[in-house]
Amino acid sequence: MEAKEIYQRLKDAFQDDILEFNAEVLQPFIKISPDKTEEIAQFLRDKDDLEFDYLMCLSGLDLGENLGVVYHLYSMKFNHKIVLKTEVSKEQPNVNSVANIWRTADWHEREAYDLLGINFVNHPDLRRILLPDDWEGHPLRKDYQPPKSWHGIPVTLANEEEQDGANE
Amino acid sequence: MAQTNNFPETRFELEIPDPLKTDEFILNMGPQHPSTHGVLRVLLKTDGEIVESATPYIGYLHRTFEKHAERMTWPQVVPYVDRMDYLASMNNSLGYALAVEKMMGLEVNERAQYLRIIVSELNRIASHLVFLGTYGLDVGAFTPFLYGFRERERIIDLFEEISGGRLLYNYIWIGGVAFDAPDGWLEKVNEFCDYFEPKIKEYNDLLTFNKIFIERTANVGVIPADLAINYGLSGPTLRGSGVNFDLRKNDPYCIYDRFDFNVCIGKGEQGTVGDSWDRYYVRIEEMVESAKIVRQAVNQIPDGDAKETVPRNVRVPAGEIYFRTETPRGELGYYIVSDGGKNPVRVKVRAPAFCNLSILPAVARGTMVADLVAILGSLDIVLGEIDR
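Quick note, the sequences are listed as chains A and B, same order.
In terms of numbering that gives the first Met the number 0, the first sequence opens at residue 0 and continues consecutively.
In terms of numbering that gives the first Met the number 0, the second sequence opens at residue 0 and continues consecutively.
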């Protein structure tokens with residue numbers, strides 16, 4: 000199925016929660032609202048003519064003002080792909096979890112939470128995954144400042160800070 | 000009661016409740032343990048020998064690759080991606096280079112394309128040989144390790160000759176490769192194939208159809224196909240569950256459509272479809288197929304300048320892409336965002352081993368601790384890629 004048709008199917012079923020469709024780019028994407036991700040995911044996975052059974056990738060990213068989550072879906076049976084995007088504000092970064100639809104999302108959402116601080120509502124086990132539990136901040140945010148030390152271990156080297164200053 | 004020995008009487012006053020009650024036992028497997036293939040900690044809750052739950056804790060090898068990539072120029076990222084899956088560096092840089100080339104709309108020189116295929120498939124063989132050796136070790140066989148490393152050494156020598164590196168190559172660049180093949184190198188690749196193909200029989204005689212090995216791996220850690228897909232498994236781990244899915248065939252990239260090879264899937268020959276033995280055997284069969292591709296590529300390779308299309312300045316137009324390739328471990332995806340500047344805005348890596356490992360809690364339940372080692376080994380994880 001082409002991206003355009005998938006968009007039509009979603010638009011018919013979810014109306015206002017489908018915010019935007021862009022086919023101009025390299026890989027067409029559909030923008031959806033962050034509190035309906037789970038329902039939309041369920042729809043995409045379970046409908047017989049869509050059957051997106053494989054979540055290829057779930058990425059979080061810092062868009063400056065907002066945080067974004069991007070879902071790359073694939074259907075093993077029909078060999079079609081689609082990209083879903085959603086955006087949340089940095090103050091209230093709440094996105095509904097899709098970990099119960101595709102188990103792949105479990106660890107990927109934990110990673111996005113860990114590195115970008117996106118809060119996945121209804122996630123079964125939302126903990127940090129790559130960084131230590133008591134780490135402060137979310138390093139992949141563009142405005143992130145690393146701590147000087149962690150439990151007495153230096154994190155930034157003194158000369159590194161000087162270099163940073165020289166570049167700015 | 001008359002005392003007939005010198006034992007203190009308290010010794011016999013232990014209260015034994017009825018029925019006998021036992022506690023669950025919490026055991027840390029790793030982070031420093033050979034069977035975890037790196038630094039992985041698995042927290043086991045066991046009831047005697049039986050695993051009740053297994054929770055992997057990762058991140059011990061986290062090197063902040065994605066943060067680094069945001070400060071590097073586009074070509075500078077290549078050596079970093081080499082260091083993710085350090086057993087298959089060529090395949091990693093191939094994926095990155097293809098993704099960036101697709102964004103730039105860059106057509107790569109034919110000779111470079113063929114060289115890329117040759118080194119990637121050789122690297123696939125080398126990676127599977129390490130799997131063969133270490134998996135043997137996991138289940139208690141030492142000799143296959145020596146066999147695997149004996150053949151891998153010859154591949155590494157070939158890589159050293161063409162790229163200068165033995166483990167991390169920085170060979171596949173955006174737009175081509177770093178060096179053309181030296182004189183006589185392609186003949187040496189052919190010689191290696193001649194030497195390597197009969198060795199498969201040795202592995203099969205020594206390990207694959209060994210009674211003890213089959214007992215240890217067949218019917219252990221069965222992953223049904225639908226569960227495998229839902230967990231996002233890929234590569235030999237997914238094919239072991241009987242799913243006929245290989246990105247080189249199903250979503251072709253590079254010039255893989257020019258070669259004739261088979262996709263190997265698990266058939267449950269020794270037990271159930273999707274058990275550890277199937278996952279193991281898929282990799283053994285894949286080595287034969289990779290050698291087939293290498294031979295075809297060496298026969299077809301055209302003359303030309305392999306560095307012709309390497310751009311002096313890499314300018315990537317604004318946009319984004321998700322590009323996936325088949326590495327020895329499965330689907331390696333790069334999600335790359337560009338704003339048209341000197342460096343990437345975001346490079347997210349979908350590491351195959353990251354997804355493959357995430358199924359461990361689901362299959363570990365109810366197995367023996369010793370079987371868990373066999374299951375973990377059959378997933379063929381590389382922690383450098385999981386933690387990035």
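A couple of the hints might just be wrong.
Unchecked claim - In silico BS3-like links for lysine-lysine, alpha-carbon gap of 27 Å or less:
#1 B/Lys101 - A/Lys89
#2 A/Lys3 - A/Lys30
#3 A/Lys76 - B/Lys66
#4 A/Lys80 - B/Lys200
#5 B/Lys306 - A/Lys3
#6 A/Lys30 - B/Lys198
#7 B/Lys66 - A/Lys30
#8 A/Lys46 - B/Lys248
#9 B/Lys66 - A/Lys147
#10 B/Lys266 - B/Lys200
#11 A/Lys76 - B/Lys266
#12 A/Lys76 - A/Lys30
#13 A/Lys84 - B/Lys200
#14 A/Lys84 - A/Lys3
#15 B/Lys266 - B/Lys306
#16 B/Lys341 - A/Lys84
#17 B/Lys248 - A/Lys76
#18 B/Lys101 - A/Lys3
#19 B/Lys101 - A/Lys84
#20 A/Lys46 - A/Lys76
#21 B/Lys248 - A/Lys141
#22 A/Lys89 - A/Lys35
#23 A/Lys35 - A/Lys10
#24 B/Lys66 - A/Lys141
#25 B/Lys291 - B/Lys187
#26 A/Lys80 - B/Lys306
#27 A/Lys89 - A/Lys46
#28 B/Lys248 - B/Lys266
#29 A/Lys141 - B/Lys101
As the list claims (entries may be wrong) - Covered stretches of chain A (chain B as the covering partner; in silico rule of three or more C-beta atoms under 8 Å from a C-beta of chain B):
#30 10 to 17
#31 21 to 33
#32 75 to 86
#33 148 to 154
Think of the hints as simulated: they come from the structure by calculation, not from any bench.
Every residue, glycine too, gets a C-beta built ideally from N, C-alpha and C.
Each hint, compared with the structure:
Annotation: proposed proximity of B/Lys101 to A/Lys89 is violated, straight-line Cα distance about 32 Å (limit 27 Å). At most 27 Å may separate the alpha-carbon atoms for a hinted pair to count; A/Lys3 and A/Lys30 meet this at roughly 13 Å. Distance restraint check for A/Lys76 and B/Lys66: the Cα-Cα separation of roughly 36 Å exceeds the 27 Å cut-off, and the hinted pair is therefore not satisfied. Restraint check for A/Lys80 and B/Lys200: the C-alpha separation of about 40 Å exceeds 27 Å, so the hint is violated.
Proposed proximity of B/Lys306 and A/Lys3 is contradicted: the alpha carbons are some 39 Å apart, above 27 Å. Among the hinted pairs, A/Lys30 with B/Lys198 is inconsistent with the structure: their alpha-carbon atoms are about 53 Å apart, more than 27 Å. Taken as a hint, the B/Lys66 and A/Lys30 pair is honoured in the structure, with Cα atoms around 26 Å apart against an allowance of 27 Å. For the proposed pair A/Lys46 and B/Lys248, the alpha carbon gap of about 26 Å is at most 27 Å, so the pair holds.
Straight-line distance between C-alpha atoms of B/Lys66 and A/Lys147 comes to about 17 Å, which keeps the hinted pair within the 27 Å bound. Proposed proximity of B/Lys266 and B/Lys200 is supported: the alpha carbons are some 19 Å apart, at most 27 Å. Distance hint between A/Lys76 and B/Lys266 is fulfilled; the C-alpha atoms sit about 20 Å from each other, no more than 27 Å. The straight-line distance between the Cα atoms of A/Lys76 and A/Lys30 is roughly 24 Å, inside the 27 Å bound, and the hint therefore holds.
Proposed proximity of A/Lys84 and B/Lys200 is contradicted: the alpha carbons are some 50 Å apart, above 27 Å. The straight-line distance between the Cα atoms of A/Lys84 and A/Lys3 is roughly 15 Å, inside the 27 Å bound, and the hint therefore holds. Between B/Lys266 and B/Lys306, the direct Cα distance comes to roughly 43 Å. Violation of the 27 Å bound is thereby established for this hinted pair. Restraint check for B/Lys341 and A/Lys84: satisfied, since their Cα atoms lie roughly 25 Å apart, inside the 27 Å limit.
The suggested pairing of B/Lys248 with A/Lys76 holds, with an alpha-carbon distance near 14 Å, which does not exceed 27 Å. Distance restraint check for B/Lys101 and A/Lys3: the Cα-Cα separation of roughly 22 Å lies within the 27 Å cut-off, and the hinted pair is therefore satisfied. Proposed proximity of B/Lys101 and A/Lys84 is supported: the alpha carbons are some 21 Å apart, at most 27 Å. Of the pairs offered as hints, the one joining A/Lys46 and A/Lys76 holds, with about 12 Å between alpha carbons and a cut-off of 27 Å not exceeded.
Taking the CA atoms of B/Lys248 and A/Lys141, the gap is near 38 Å; set against the 27 Å cutoff, the hint is violated. For the hint pairing A/Lys89 with A/Lys35, the CA-to-CA distance comes to about 18 Å; that is within 27 Å, so the pair holds. Taking the CA atoms of A/Lys35 and A/Lys10, the gap is near 13 Å; set against the 27 Å cutoff, the hint holds. The suggested pairing of B/Lys66 with A/Lys141 holds, with an alpha-carbon distance near 9 Å, which does not exceed 27 Å.
Taking the CA atoms of B/Lys291 and B/Lys187, the gap is near 15 Å; set against the 27 Å cutoff, the hint holds. Restraint check for A/Lys80 and B/Lys306: not satisfied, since their Cα atoms lie roughly 33 Å apart, outside the 27 Å limit. For a cut-off of 27 Å, the pair hint linking A/Lys89 to A/Lys46 is broken: about 33 Å separates their Cα positions. The hinted pair formed by B/Lys248 and B/Lys266 meets the criterion: a straight-line CA distance of about 19 Å does not exceed 27 Å.
As the CA atoms of A/Lys141 and B/Lys101 are separated by approximately 26 Å, the hinted pair is consistent with the 27 Å bound. As drawn, the segment 10 to 17 of chain A meets chain B at 0 residues by the rule of a beta-carbon pair under 8 Å; below three, the given contact is violated. Coverage of the segment 21 to 33 of chain A by chain B holds [criterion: at least 3 residues with CB-CB distance below 8 Å; count 3]. Figure legend: the segment 75 to 86 of chain A, annotated as covered by chain B; annotation consistent (3 residues with Cβ-Cβ distances under 8 Å, at least 3 required).
Judged by the Cβ-Cβ criterion of 8 Å, the segment 148 to 154 of chain A is not covered by chain B as claimed, because only 0 of its residues qualify and three are needed.
The structure is inconsistent with the numbered hints 1, 3, 4, 5, 6, 13, 15, 21, 26, 27, 30 and 33, although it conforms to all the rest.
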